[in-house]
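Asks: As a plain string of letters, each chain reads:
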Amino acid sequence: MSDVMTPTPPKVDAPAADSGARRLWSGVARWETGLLVVLFGVLIFGAAESSVFLTSSTLFFMGINIGYIAIMALPMTFVVMTGEIDLSVASMLGLSGAVVGDLWHHGWGIWPAFGVALLVGLAGGALNGLLVARFGLPSIAVTIGTLTLFRGLAEILLGSVTVPGIGDRLFPVSLTNIGVLPVGGTELSWSLLIFLILAMVFGVVLHATPLGRSMVAIGLQPEAAEFAGIRVTRIKFGLFVLSGLLSAFAGILLTLQNSSVSYNAGVGLELNVVAIALFGGVSIFGGRGTILGVVLSVAIIGSLQMALTQMQVQPEKQNIITGILLLLSVVIPNGGEVIGRLRARVRRGRSRSAA
Amino acid sequence: MSTRTVEPAADVDKPRTSRLVDLLRAREAGIGLLIVVLVGLTSLDNHHFLSANSIQQLLSGAALIALLGVGETLVIVTRNVDLSVGSVLGLSAYIVGDLFKHEHIPAWSGFLIAMTVGAGIGAVNGFITTVMRVPSLVVTLAMLYIVRGIDGVIVNGHIVNPTAIPHSFTAVGYQNLLGVPWLFIIVAGVVVVAAYAMRSYRASRDLYAIGSNPAAAALIGIPATRRVFAAFVISGTLAGLAGALFLALNAQVDNSAGQGYELQVIAAVVVGGVAIFGGSGTVVGAALGAVLLHTIQQALVALRISAFWNGAIAGGLLLAAIAFDRWLTLRNARKLASAEGAHRNV
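First to last, the protein sequences are chains B and X.
Each residue of the first sequence is one higher than the one before, starting from 1 at the first, in this note's numbering.
Each residue of the second sequence is one higher than the one before, starting from 1001 at the first, in this note's numbering.
Quick caveat, the hints were computed from the structure, so don't treat them as lab data.
Every value quoted in this text rests on a predicted model; they were computed, and no experiment measured them.
Beta carbons: idealized from backbone N, C-alpha and C, even for Gly.
Possibly wrong hints are sitting among the right ones.
[To be verified] Chain B is nowhere near these chain X residues, computed Cβ spacing over 12 Å in every case: (1) L1033; (2) H1048; (3) H1104; (4) A1107; (5) D1151; (6) I1185; (7) A1197; (8) Y1208; (9) L1249; (10) Q1259; (11) Q1298; (12) A1302; (13) R1304; (14) A1312; (15) A1314; (16) R1334.
[As the list claims (entries may be wrong)] A short, non-exhaustive set of chain B residues, derived as facing chain X with CB atoms under 10 Å: (17) S160; (18) T162; (19) I197; (20) L198; (21) L211; (22) G268; (23) E270; (24) E316; (25) L342; (26) A344; (27) V346.
Given only the sequences and the hints, what does the whole structure look like? Please build it.
Replies: Pasting the structure below:
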């Protein structure tokens, strides 16, 4: 994956500076700190511009809108961390929903249908993992292939019908309630709560276990990781399986939230998922990123969306803002270096004209 | 520097193979053959598939993705990627449509304006990627959103209807020259020019060098910044042209034009044998990849197989193409290694 991008070498953190002040500054100047400031900015902006922004329903609807996408962003973070990418997540979400819908239509119980959908997620993820990790094929190409394949399978299963259609049973109300009612005693939607719990698990795994550190090592230098005894193939395979599984799970959540499913649920969401991870500071070259950053990224994008929607800003303009944020998130960290380069060029030019 | 990894291995200690064998070995020939077989088999079942009308539809339908594939090839060959092409197509199509509706501009200027819009966005992509040194995947992903967003703001829920568009403009979309659709002629022209340039010009060979080994390319003095920038501008320009052709073909446009095309284009390019890691592949292959994917779509319709199978088959084919490429590379690497071994023993 890292080969697809520009020839820039992956950025390695500068060696720890000696002076305490500088160390403090480099701690404060982290990407996550920046995101935190942006988040506060968004919250103040939302509160100032919309009278209903600081109400509990904002949090609930934000969860409904972004929770299931955010869940897919967690395994995506791990995958990108190791220098790969999984573009098939949204198609797997659609396929999983289609499996549930098709089985439900044919009289299955809801829980067995969920079980099969999750198995499909595992199998789809294993296919990606096999092709990428085992056969060494480029993940960006492989997962565009499975993106088309999974969505195609969803289309074969459901065609143009929506389940439940006329004559079908409705999905159990106790489950579809997750689309209209928050978790008891809170204002969180179920999808957002699940995301937060998963985020904690993912955070611990990434930052505090040998497995997580192995992922970072793979992303920074796959060959060195291999020589250091890290099972690169197995870890990458596992991450793609995990990505398939959680995408299938997100598909089940979305199906229940909407109380219905059609084959094209979530078309195009793969790029939103990638954008969330990248905006959260995960390097597309692999080896750099934190779960905290991804959580903040979800919070910023989610609350900004809510604020803009409440201000009745067109969704199109929201697209522009998302794009600009994403662009800034990669341009700003590079800004210092670019200015330095330009300065050096000007200096060279001057000394040449002087000579 | 060679476009195909096959050649060095084959040349090591074998006498030069005949041109015919080279031709048959080329990826383009394989895809061409696949298209012919597919069309042949389909027409056995449904002889309308070989009718002039059906072939014309086939060529027109594949033209847009093929055109986008040419620009995408230039970018991917340099080890970059352009995800913004679908949005650029949509924006330029609507701007031209809107100008027809309100300003009544002449038909020919529609093409120029569309290409200018595309070139502008391509320049932004190229500038940020090369000067700011930001990974192109992120830049063009962001531009995908920004450009689509600008499109949405301009469109603002409106739609440009066929009545607003000059007949001489839409004629490009449905009229034929001696039985060949104009759309196909224009795109084929672009493909031929690009193919010649990519084979014969120094600057375009530089693109391959940058993609196969950026560090080595820099060492031998190739101006990578300028070349990659140019590749993005060309990709944008062709996406703009595709926008004008989209408008001519459909005679109407709203803010969903070209949505999701970016991944279709990359799929076609990869099926066409362009390596996603850069350094190898041809525009002819990319264009044929687009034709193949579209032929499958049409064949399903002709065979009265549910169109729902389309995605699954296209996805399977894409995976097969990637796996095939990998197998080819490994085989050649082995051949090369054994050839080197043989030399050493002598």
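Asks: The structure should be examined with respect to each hint, and the outcome stated for every one.
Replies: How the hints compare with the structure:
1. L1033: X:L1033 is indeed farther than 12 Å from all Cβ atoms of chain B, at 21 Å.
2. H1048: At roughly 25 Å from the nearest Cβ of chain B, X:H1048 sits farther out than 12 Å, so the non-interface label holds.
3. H1104: holds (26 Å)
4. A1107: X:A1107 is indeed farther than 12 Å from all Cβ atoms of chain B, at 28 Å.
5. D1151: violated (7 Å)
6. I1185: Per Cβ check, X:I1185 is outside 12 Å of chain B; nearest 29 Å; holds.
7. A1197: holds (23 Å)
8. Y1208: X:Y1208 is indeed farther than 12 Å from all Cβ atoms of chain B, at 14 Å.
9. L1249: holds (23 Å)
10. Q1259: Answer for X:Q1259: violated, closest chain B Cβ roughly 7 Å.
11. Q1298: Non-interface label stands for X:Q1298: nearest chain B Cβ at 16 Å, farther than 12 Å.
12. A1302: Holds: least Cβ distance 18 Å, greater than 12 Å.
13. R1304: holds (15 Å)
14. A1312: violated (3 Å)
15. A1314: violated (5 Å)
16. R1334: At about 15 Å from chain B, X:R1334 clears the 12 Å cut-off, so the statement holds.
17. S160: Check passed: Cβ of B:S160 comes within 8 Å of chain X, closer than 10 Å.
18. T162: violated (15 Å)
19. I197: violated (29 Å)
20. L198: Given a least distance of 24 Å, the restraint on B:L198 is violated.
21. L211: violated (26 Å)
22. G268: Result: holds, 6 Å to nearest chain X Cβ.
23. E270: Holds: closest Cβ of chain X sits about 9 Å from B:E270, inside 10 Å.
24. E316: holds (2 Å)
25. L342: Holds, because the Cβ-Cβ distance from B:L342 to chain X comes to roughly 9 Å (cut-off 10 Å).
26. A344: Result: violated, 14 Å to nearest chain X Cβ.
27. V346: For B:V346, the interface hint is violated, since the closest Cβ of chain X sits about 14 Å away, which is over 10 Å.
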